[in-house]
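Knowing the structure of chain A, use the given hints to seat chain B on it.
Sequence lines, in order, name chains A and B. Quick note: the first sequence, position 80, residue 80 per our numbering, numbers continuous. Quick note: the second sequence, position 581, residue 1581 per our numbering, numbers continuous.
Among the hints, erroneous ones may be present.
Stated by the list, open to error - Lysine-lysine pairs mimicking BS3-like chemistry, simulated, CA-CA at most 30 Å apart:
hint	chain 1	residue 1	chain 2	residue 2
1	B	1676	B	1417
2	B	1679	B	1014
3	B	1679	B	1528
4	A	69	B	1676
5	B	1679	A	69
6	B	1063	B	1217
7	B	1289	B	1005
8	A	110	B	1407
9	B	1399	A	110
10	B	1619	B	1486
11	B	1410	A	110
12	B	1676	A	110
13	B	1679	A	110
14	A	110	B	1427
15	B	1676	B	1750
Said to hold, decoys possible - Every beta carbon over 12 Å from chain A, so not counted as near; a handful from chain B, in silico:
hint	residue
16	1011
17	1049
18	1097
19	1125
20	1140
21	1153
22	1263
23	1314
24	1504
25	1530
26	1638
27	1669
28	1674
29	1706
30	1712
Unchecked claim - Far from chain B, by Cβ distances over 10 Å, these chain A residues were calculated:
hint	residue
31	16
32	19
33	27
34	41
35	42
36	83
37	91
38	97
39	132
40	140
Derived from the structure by calculation, the hints contain no laboratory data. Built from N, CA and C at the ideal position, the CB exists for glycine as well.
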Amino acid sequence: MAIVEFRDVSRVYRNGDHEQRALDHVNLSMEEGKFIVILGPSGAGKSTLLNMLGGLDSPTEGTIVVNGKDISTLPPNELAEYRAASVGFVFQSYNLIPTLTVIENVALVKEIAPDPLSSHDMLRAVGLEDHIHQFPSELSGGEQQRVSIARALAKNPHILLCDEPTGALDSETGVMVLKLLLSMARDMGKTIIIVTHNQNIAKMADVVIRVKNGKIKSCEEQDHPLSVEEVDW
Amino acid sequence: MLLKKLFRTLWQYKAQFISMVIMVALGVGVFLGFNVEWYSLEVNTGEIYNATGFADFRIYSDKGFSPEDLDAVKAIDGVDDATRFLSLNVSVKDDTDTLALTVSENMNVSGVLVMQGEPYNAEDPDGFWLSDSYAAANGISVGDPLTLIYQTITVSGTVRGLVKSSEYLICLPDSTQMMPDYSSYGFVYISPAMLDRSIPALYKALIGSLYHQINVKSSLDKAAFVEAADKALGSTRLILSKDETVSWAEAQGEVNEGKTMASILPVLFLAIAILTMVTTMHRICASEKTQIGTFKALGFKDRRILVHYSAYALIIGLLGTILGIGIGYGLGWFIMNPDGAMATYIDMPSWTLHAPGFTWLVLIGINAFLMFIGFLSVRKMLQGTAADALRPYSPKRMKHLRFEETKRFKRLGFGTKWNLRDCVRHKARSLMTLFGIVGCMVLLVGGLGMKDTMDAFLDIFYEKAINYTTRVNLDTDNMTQEEGKKLAESLDADWAASRAVQIGDRGYSLEIYSITRDKVRFADEDMKIIPLTDDGAYICSRIAREYHLKKGDELSFSPYDSSDHYTVPVAGVLDSMTEGIVMTDTFADKTGIAYTVGSVFTDAPEIPEDARILNRQSKQSIMDSFDVFMDLMNKMIWLLVIAAVILGIVVLYNLGVMSYTERYREMATLKVVGFKDSKIGRLLISQNLWLTVLGILIGVPVGVGVLQYLLTALASEYELKLVLGLPTWLISILLTFGVSLIVGLMVARKNRHIDMVAALKTAE
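So here's chain A without its partners, still in its complex pose (with noise of 0.2 Å):
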């Protein structure tokens, strides 16, 4: 069953008289609790088209319908509801609060999420439990990637956003980041679409879709995606 579907979505950005193309009509449509990876080099429109299902951006036009619901017009607060009921993110660049504990990072979207996980258990899930009274400076790079995963996964969302989730991190930490949330959606059933660059994560996937110039190029789904420890890093 689709979760996502997008259809001839297109996003344009002006300045001025110039206009640029990040997304041209694109149509797209991926599965529900499958392994997704989305290549392209840069400024193919990635990480627009990530923007765009995360409610982060709008498009320009086109519909996007995420879990049945049309989220390419809704208000901002709106916006913000789906953000906290239907998505979670990791970003390359962590994206933690500096000023609370790995605990609190995770717990702090009790505050919005309509049925949060246990951050306890999400943090054990993540192999943090010791580590949760520490602030995320006291914490290695993938360390705090892990407390990020942690705290997209306590809103139980059903889908997991993640742009270059391993960009920023050394191989050995890239391949457990990677391992974990290949599990996420083995074990717990969750989408993950992951936006990268490297080659390499798309062999674990289970649909790999290739962005260039703002159009998709392929969309291929794999039989046998490999595990983890089977590609070469």
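The following block gives chain B in isolation, referenced to the frame of chain A:
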């Protein structure tokens, strides 16, 4: 190229830049304004003192002085010049007005400055040189006839000139009046020749010399002069130095008041401006760190980068100073202009504005210091290698705080923890916010409290203490004590007598009251109306302070022109307008102090015509004269309130924007996670409101302290007791809260425009 960058960067940080310029301008403006006020007053009064030969000493005698006495005084070593002088209150014919008729034999001492009409002529037989302010208030011009009446003597002539005199710089008929009222009281000079012509021969023969005063210009100190004068004249006389005269003391009081104000309020403004500059320059340099690093990596020398970035502080300082000079002179002009309230108080010809020399040095110092702040901020970012400088500025690492271990902290919501830690992490910013709020509160409590204090003061000393409709001043020279008492009886009046006394070598007035009809009342140090007892003398709180006296102690004084000495118990300490001693007639009689009834206080609707009545003064006319005074006061308070609100808005907005910028990324994260704009706004505002509550809690005692300090500094002029009404508390707190809330909302509105995508892409 760097210059282009400089202006573009200034534009980029326009909120901080403009608020810093405003802060510096306010600081400089208030500093310069108050200094211009007191210094201009000093210079301008100095001009009229010099131009009219204001006397350094006044020697008084009931019997008058002969030409030989004058010669004896002139012969004293250290006396530059002297004159026989006469000043007595006379009535204007067909009018209720009173004029101080003045004659100075030698116009180089206690003379006049002719503003219009003919020069003063010592031989003129029928010429008046009239106060130009009195003339203006009464529509009198040069050439108009004028007739004055003193007892049975009528003096007629023509107004030859309109003048000003430093002897009447503050032209008050008596010490109960706070402000001059030129519509009913002024002064007029006549020549010795006209005086001589006007006084009947018989009268002269009876009373001897008309000149009851010798005014002296001398550089001697009072003790030396008194000793020399007593020796020269062969007896002890009442001698007052210039600082014991109303004109000098009051004008000097205004100067000192200005100096006091100039030493408190500007310090507050300048301190906030400088501290805000430290915080702002540090933040600007921190956010420019990668650019500073880029310059360094490109090969720019540290010195050039330092000069470039220090120039921001210099530009802010210079623009603020230029604006501040405008504000300062504006403020100076507001207080010191010929059409303003001060001009209704002090009657001087010149109202030019002057700034004391040191203010320019201070302004240069402030600019140098601001540039130094900029320099230090950049130098910090330049430290290390080019690679170090290229790394973005990273705020301090978070550490656990002691109070985080408490159960109460653990129970707090995320927003509270977030804000608390943010306050601790950005201590300088939080402290500055606090400082701004405290400053705002201090100005409001100080300004409005001053008004409450003055209102209470006027209420006690005038509304309550003056319980009569008319004060009638009697001619003590032509009235016996019995006659005075009889007149008081006939008018159903209380009465008072006045004698000049001295404690040590200082002159004071001894007021003897007979109060049986509750027409005059007195207030104690707590500003409570108390009845006078017959157990001793009451002293004003200034005398109590000066001589360390309290109730039950003994007070020694001696009347002038007398060898008597009295030692009496102090029955109480009074809060009063004038410096002096008060006692009941019963106690005076018991002690054996002689006196003559000088004033009666009555509610009688009709006061009969009586040659022994010098003049009448209605309570209404006294109260009216305060309107002008209160008008000046209210204007000053409005200025303070406006300054407080501007200060609050500028400081809080600047720091609010800074806080917003520093937490931009965190807010973007919250927004991405799903927080609504309104919730993020509430989080931002709540931090502001906490600091506001804390600022108010600190600002209240500090404000009261500053006001008390001001009142203590002004104590030589008025005996003011600090009073703060409920409306002052409410207005101060609500206005400070309102300013904080409005600025908080202004800043919080910005979070609607957070670009989540862009914010989250930037590196931590």
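Hints and how they fare:
1. A distance of roughly 19 Å separates the Cα atoms of residue 1676 of chain B and residue 1417 of chain B; the hinted pair therefore holds under the 30 Å criterion.
2. In summary, the hint linking residue 1679 of chain B to residue 1014 of chain B is supported, as the alpha carbons are separated by about 27 Å, within the 30 Å threshold.
3. For the hint linking residue 1679 of chain B to residue 1528 of chain B, the alpha-carbon distance of about 54 Å lies beyond 30 Å, and the restraint is violated.
4. Between the alpha carbons of residue 69 of chain A and residue 1676 of chain B the distance comes to roughly 19 Å, so the proposed pair stays at or under 30 Å and holds.
5. With a CA separation close to 24 Å, the supplied pair residue 1679 of chain B and residue 69 of chain A stays within the 30 Å bound.
6. Under the criterion of a C-alpha separation no larger than 30 Å, the hint pairing residue 1063 of chain B with residue 1217 of chain B is consistent with the structure, at around 22 Å.
7. In summary, the hint linking residue 1289 of chain B to residue 1005 of chain B is supported, as the alpha carbons are separated by about 14 Å, within the 30 Å threshold.
8. Taking the CA atoms of residue 110 of chain A and residue 1407 of chain B, the gap is near 20 Å; set against the 30 Å cutoff, the hint holds.
9. Only pairs whose Cα atoms come within 30 Å are accepted, and residue 1399 of chain B paired with residue 110 of chain A is accepted, the gap being roughly 24 Å.
10. Our distance criterion of 30 Å between C-alpha atoms is met by residue 1619 of chain B and residue 1486 of chain B, whose separation comes to about 22 Å.
11. At roughly 15 Å between alpha-carbon atoms, residue 1410 of chain B and residue 110 of chain A fall within 30 Å of each other, so this suggested pair holds.
12. Simply put, residue 1676 of chain B and residue 110 of chain A have alpha-carbon atoms about 14 Å apart, close enough for the 30 Å limit, and the pair holds.
13. Of the supplied pair hints, the one linking residue 1679 of chain B and residue 110 of chain A holds, its CA atoms being roughly 14 Å apart against a limit of 30 Å.
14. Of the pairs offered as hints, the one joining residue 110 of chain A and residue 1427 of chain B holds, with about 29 Å between alpha carbons and a cut-off of 30 Å not exceeded.
15. Distance check on the hinted pair: residue 1676 of chain B and residue 1750 of chain B sit about 13 Å apart at the alpha-carbon level, within 30 Å; holds.
16. The Cβ of residue 1011 of chain B lies farther than 12 Å from every Cβ of chain A, with a closest approach of about 19 Å, so its non-interface assignment holds.
17. Every CB of chain A is more than 12 Å from the CB of residue 1049 of chain B (nearest about 64 Å), matching its label as outside the interface.
18. Non-interface status of residue 1097 of chain B relative to chain A is upheld: no Cβ of that chain comes within 12 Å, the nearest being about 75 Å off.
19. The non-interface label for residue 1125 of chain B is consistent with chain A: the shortest C-beta to C-beta separation is roughly 90 Å, beyond 12 Å.
20. Interface exclusion of residue 1140 of chain B from chain A stands, the closest Cβ pair being 74 Å apart, more than 12 Å.
21. With a least beta-carbon separation of about 89 Å from chain A, residue 1153 of chain B lies farther than 12 Å from that chain, consistent with its non-interface assignment.
22. Every C-beta of chain A lies more than 12 Å from that of residue 1263 of chain B, the closest at about 41 Å, which supports listing it as non-interface.
23. At roughly 34 Å, the least C-beta separation between residue 1314 of chain B and chain A is larger than 12 Å, which holds for a residue marked as non-interface.
24. Annotated as non-interface, residue 1504 of chain B keeps its C-beta farther than 12 Å from every C-beta of chain A; the closest such distance is 67 Å.
25. Consistency note on residue 1530 of chain B: stated as away from chain A, and its beta-carbon is indeed over 12 Å from all of that chain's, at 60 Å minimum.
26. Every C-beta of chain A lies more than 12 Å from that of residue 1638 of chain B, the closest at about 42 Å, which supports listing it as non-interface.
27. Listed as a non-interface residue, residue 1669 of chain B fails to keep its Cβ farther than 12 Å from every Cβ of chain A; the least gap is roughly 4 Å.
28. A beta-carbon of chain A is positioned within 12 Å of the beta-carbon of residue 1674 of chain B; the least distance is around 3 Å.
29. A cut-off of 12 Å between C-beta atoms confirms that residue 1706 of chain B is not in contact with chain A; the least separation is 35 Å.
30. For residue 1712 of chain B, the condition that its CB be more than 12 Å from all CB atoms of chain A holds, with the nearest at approximately 44 Å.
31. Remark: the non-interface label on residue 16 of chain A is consistent with the geometry, its nearest Cβ contact in chain B lying 18 Å away (cut-off 10 Å).
32. Under the 10 Å C-beta cut-off, the non-interface status given to residue 19 of chain A relative to chain B holds; the minimum distance is some 18 Å.
33. Against chain B, the non-interface label of residue 27 of chain A holds: every CB pair exceeds 10 Å, the least being about 23 Å.
34. Here residue 41 of chain A stays apart from chain B, with its beta-carbon at least about 17 Å from theirs, past the 10 Å limit.
35. Taking the minimum C-beta to C-beta distance to chain B, about 12 Å, the non-interface status of residue 42 of chain A holds against the 10 Å cut.
36. The claim that residue 83 of chain A lies off the interface is violated: its Cβ sits roughly 4 Å from the closest Cβ of chain B, which falls inside the 10 Å cut-off.
37. Under the 10 Å C-beta cut-off, the non-interface status given to residue 91 of chain A relative to chain B is violated; the minimum distance is some 6 Å.
38. Interface exclusion of residue 97 of chain A from chain B breaks down, the closest Cβ pair being 5 Å apart, not more than 10 Å.
39. Chain B leaves residue 132 of chain A outside its interface by the beta-carbon criterion, the shortest separation being 12 Å against a cut-off of 10 Å.
40. No beta-carbon of chain B is positioned within 10 Å of the beta-carbon of residue 140 of chain A; the least distance is around 14 Å.
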